[in-house]
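Asks: Now for the letters of each chain:
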Amino acid sequence: MDGFREGFAWAIFSAPLVSFALILLILRRYPRQAGYVANLAVLIGFVLSIWALSVEISRDGAAMPFHAHQWLHAGPLTIPFGVHLDGFTAVMLVVVTSVSLMVHFYSQAYMDGDEHYVQFFAYLSLFTASMTGLVLADNVLMLYIFWELVGICSYLLIGFWYHRPAAAAAAKKAFIVTRFGDMWFLAAVLLIWTKTGTFNIATIQEAAHAGMISTAVITLFALGVFAGAIGKSAQFPLHVWLPDAMEGPTPVSALIHAATMVAAGVYLVARLFPVFEASQGAMDVVAIVGAATAFIAATIGVVMTDIKRVLAYSTISQLGYMMLSLGVGGYVAAIFHLLNHAFFKALLFLGSGSVSHTSGTFDMRKMGGLRRAMPWTYATFVIGSLSLAGIFPFSGFWSKDEVLLGAWDRGGWVGYLAFSLGMLVVFLTAFYIFRAVFITFHGEYRGGEREAGHGAHGSGTPHESPWIMVGPLVLLAVPSVLSGFANINGGFGTLLNGALPPALREAHLGVNVGLAAFSVVVGLAGVGLAYLTYDLQVVSAEALGRTFRPAYVFLWNKWFMDELYEGILVRRVLYGGVCAGLAWFDRTAVDGAVNGAGATARFAGSMWRRVQNGQIQAYGFVLVGGAVIIAAIALLLNPVR
Amino acid sequence: MIPLDQVLVFSGILFALGVYGVLTRRNAIAILMSVELMLTAVNTNFIAFGVFHRPSLAVGLVFAVFVITVAAAEVGLALAIILRIYRQRTTANVDEVDILKW
Amino acid sequence: MNHYEVLAPELVLLGLAFALVTLELLFPQLRKDLVAYLTAASAIGVLVASAFFANRSDSFKDLIQLDNYTTFFRILFLGTAALLAIASAHLVRDKLSNAGEYYGLLLLGVIGATYMAAASELLTAYIALELLNFTLYVLVSFDRKDPRSGEAGLKYILLSAFASALLLFGISFIFGVTGTTSYAGIRHALEAGIGEYRGTLVVGLVLLLTGLGFKVAAVPFHMWTPDAYEGAPLPVTAYISIVAKAAGFALFLRLFSQAFMPVISDWRWMVALLAALTMVFGNLIALQQVNIKRLLAYSSISQVGYMLIAIAALSHDSATALLLHLGGYAITNLAAFIAIIAFYNATGGEEIRDFRGLAERHAGLAMTLTIALFSLAGMPLFAGFMTKFILFQAAAQHGLLWLSAFGVVTSMISLYYYLMVIRQMYVLKPRDGDGRLRVPLLTSAVLVVLALGIFFVGIWPTPLFRAAASATRLLF
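Residue numbers (the working numbering), protein chains in the order written: chain U, 1 to 641; chain X, 1 to 102; chain P, 1 to 476.
It is worth saying that the hints were derived from the structure and are not from the lab.
Check before you lean on any hint, since a few could be wrong.
To give a feel for the contact side, a few chain P residues facing chain U, derived at Cβ under 7 Å [to be verified]:
#: 1; residue: His3
#: 2; residue: Val6
#: 3; residue: Met223
#: 4; residue: Pro380
Here are a few chain U residues that sit away from chain X, every Cβ distance over 10 Å (derived from the structure) [stated by the list, open to error]:
#: 5; residue: Trp51
#: 6; residue: Leu223
#: 7; residue: Gln612
#: 8; residue: Gly614
C-beta: ideal position from N, C-alpha, C; glycine also.
Please put together the full structure from these sequences, using the hints given.
Replies: Given below as structure tokens:
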């Protein structure tokens, strides 16, 4: 029985892998069939994931008794491989395969006619295989290997239109910046193996929980792992790659850079949560980095004009939110938010792709008024936005609320700092996403752009996208509304807690009505501000006068609120001051530091390159000098008696 | 019989002179001669240590003979290469041979 | 009892080498690429025959040791030489003269390299080292038309002779302290204690490390490497970077594990220091390179840094990891170099910018080179990750976690310069007038096999690991 179940678990991972191999080896000349095969493989993975989830629900999320197999036995080093299935991984599998399925589906239309259509589906298959492998891995080494593989897929897919210099540069930047985090992860893997002699996650968790590993080692390990997560999940200060990664095709942004791969960092920290729990210092670092990221990215999202970049910063901010939650001990809340975020953010990205499909651009200033031409896209986009803004009863509301509640309950300066930044982020999030909604879909159409984008998508009059693109939007809108109810009676929490050692399981927090109401009001305030700022100023004066006469007169004329909001508060203080400042800081200081590290390395390299001056005797001199220095150290350290 | 440490001091000085020559002489052939000087120091060492340890086994002497043989072959090869460089560039000065760098 | 049969493979090889030279003398009209295939066939023949020596342990008068260690390296060297002979076929025919001598020397070098691995006595090791060196001097300066080739040869021979003198001076001190030149004898003498001569021993060890460090190109004894790599004809560059380097490590490993284990505390930190310096400088200077041969020179220097970690953490585990890494490194570097040779034959370019748009000019070539570079950068699923990981793991196990972490961090830098090449191939459009490239069928087949080999070692390294483990078992 368990053998069957393990086989099914393996099949989730191998179906897309087989599809990748089939496409590369056989279907290179048959683009249509390649697309079908990729879709079918993900569908199989999705169905099996649903099966896995249902099994786990019946088991209350307890881990399946699968055993690790031996991959390589190298002296004292045994490299195992095996799958691990518990409530948490089942949820992640459903997230990954369902979003992947929607994206596969959607891409058949979006990528139609692209000269590398076949390659695109090959990469998507490889990515889906690697991502499910990452989720299923039962040991840190295998996890690391898949972790790097999804990085390679991300590199290939960001740089998919590699003839565009921006795409190629973005791909390279993403690869290198995330690898900068990854190397600490690998070092942490080496460390934990040296100290415990195992790669198995469950064993490491037990050892850490039982206090068998010293706190210093745990903290170092946790920080190394977190450094990997910082890179992959685009946390401050390694977040710089994600906005640039938007140069990739939009379905890729939806799948990899919104729903799944970037969430891998959160997944990793959550997976090793018992280890983090054993080190208060590491937890605080996670909380503070998460809160800072959430806040900084949200403020930057406010000033972006490219709709995909707004969504990219939003993703960074929301990932920070999840990290914040993990850092304050809100394990269930973080994963719950991850789940909800995956659906509504994928929805928003695919929506932005649909918009650009008709307008040929991602620049919101060239859009406007699209709600009449694209009613389906508009409706689903608004649902996603409401969910992101955390408005009752959309899914984002439930998880965001649990995150804030967790921070409040954590207390201490870390908890309250996280809570207050989190509350600010609620406001900013609602503001920037509805700013995007109003600029894109309301007002008059501003013409789009024919030449931009990657082909013949732009056209004169805006129109709704084909059903194969709208379908996934509608399908994703359903969980964006409903997935929040999963934890209303703590069922989701029970499922996830099954993955934890019994002592660490958390009680269901329930809903704090006061807090929930407050955060919804804050969110609505953000929406309202966006509405006043971006919708009213473009709606015709007649309609404006008819509908909003009293408020308009009161707010705008008497209190001169328009100048205050748009002119002073928004443009001067918010735009010119805080946000532009942060954007500037981001671009120059943080980006600069990343580039600077590269430049320093290059400079050091060039200095030493000069020593290589082609002169034999200079070479001989360095050789003798090296020998003499080593001999000198040897004789000084060990004086001859 | 000469004490061992005096021989070692002698070979040390010889070796240092050789190193100095390799690092300062510009002419490739002079550099080769300096390397030979270093090898002479090596041979002195081998012979001295060999006699000091176990004269009957003659390991040091055998080693020295082989070093001399190999060195002779090495010089032959080096001279051939230097000759070629000289034909191409009419110089045997190593500081003028620096197309390859950085 | 003299086990002359222990010498058989090398004697046969010697005969074949002379036969190849004579063949060209007797039949000057013979097609030059045919000589290449004959060389490859003879190397493979000896390789298959020497596989019968597996699991045999014998020695020739305690000078030459035949064991799995020797067999492992013999197979590695012969395989490399065979593939490089095939890869040289077109280049030697079109650009070099005296093909017979070229291929003869290729085989002679293998004899030197094998005896470096097999030697169990210092004089034999030295002569083997010089045999390999001599063939390399000639091979490096083989291209008479290219002034860079002669210059590389001059630099190589002068510096190498200098380094050999330092090495010999070191050996003379070790002989002086221990009174013997056999590895086992040195070990006994050191175990018995050397008392007041420790200073002399340390000086001897430093000089020995300098000489061996020169041979394997460890910083700061590496400076000949980039110049020799750039000046030498391409297949010779590959030969130095694989055969000469592996032979250097073969000698290094056997000598230090069999002779110098008792004084490990005296030299461990020296090797660790060299490893750290080599990783840092090899990777940093590589960032600046514009010539693909120089880039690979620095890349191979940084690989030496990783390999030195294994020597610093000397133990059965790390020695096995080193052999495994050398095997993976040989396959990866062969793939990279043979792809570059094929590119050079078709275009004559060897600057990195010449590779622009290669993906459109020959997709297979670009793909193979990318696979090889990813493997060198240590990406998972490629050989480079698995072998390096096992190596780092073994070092961490034996108390050098910090050095392993150093290796992980510096290998991060390496990704950057490999991506520079990949960028040229995939991102940039070919220059106007650059058409599709033609690659000979045999070369393509070799490249496909090597690319599959990279994945094989990266995903299923167990067979190679077993071979390496049995090769190193008798060392400790």
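Asks: Give a verdict on every hint.
Replies: These are the hints, each one checked on the structure:
| no. | hint | result |
| --- | --- | --- |
| 1 | His3 | violated, 31 Å |
| 2 | Val6 | violated, 29 Å |
| 3 | Met223 | holds, 4 Å |
| 4 | Pro380 | holds, 4 Å |
| 5 | Trp51 | holds, 61 Å |
| 6 | Leu223 | holds, 39 Å |
| 7 | Gln612 | violated, 6 Å |
| 8 | Gly614 | violated, 3 Å |
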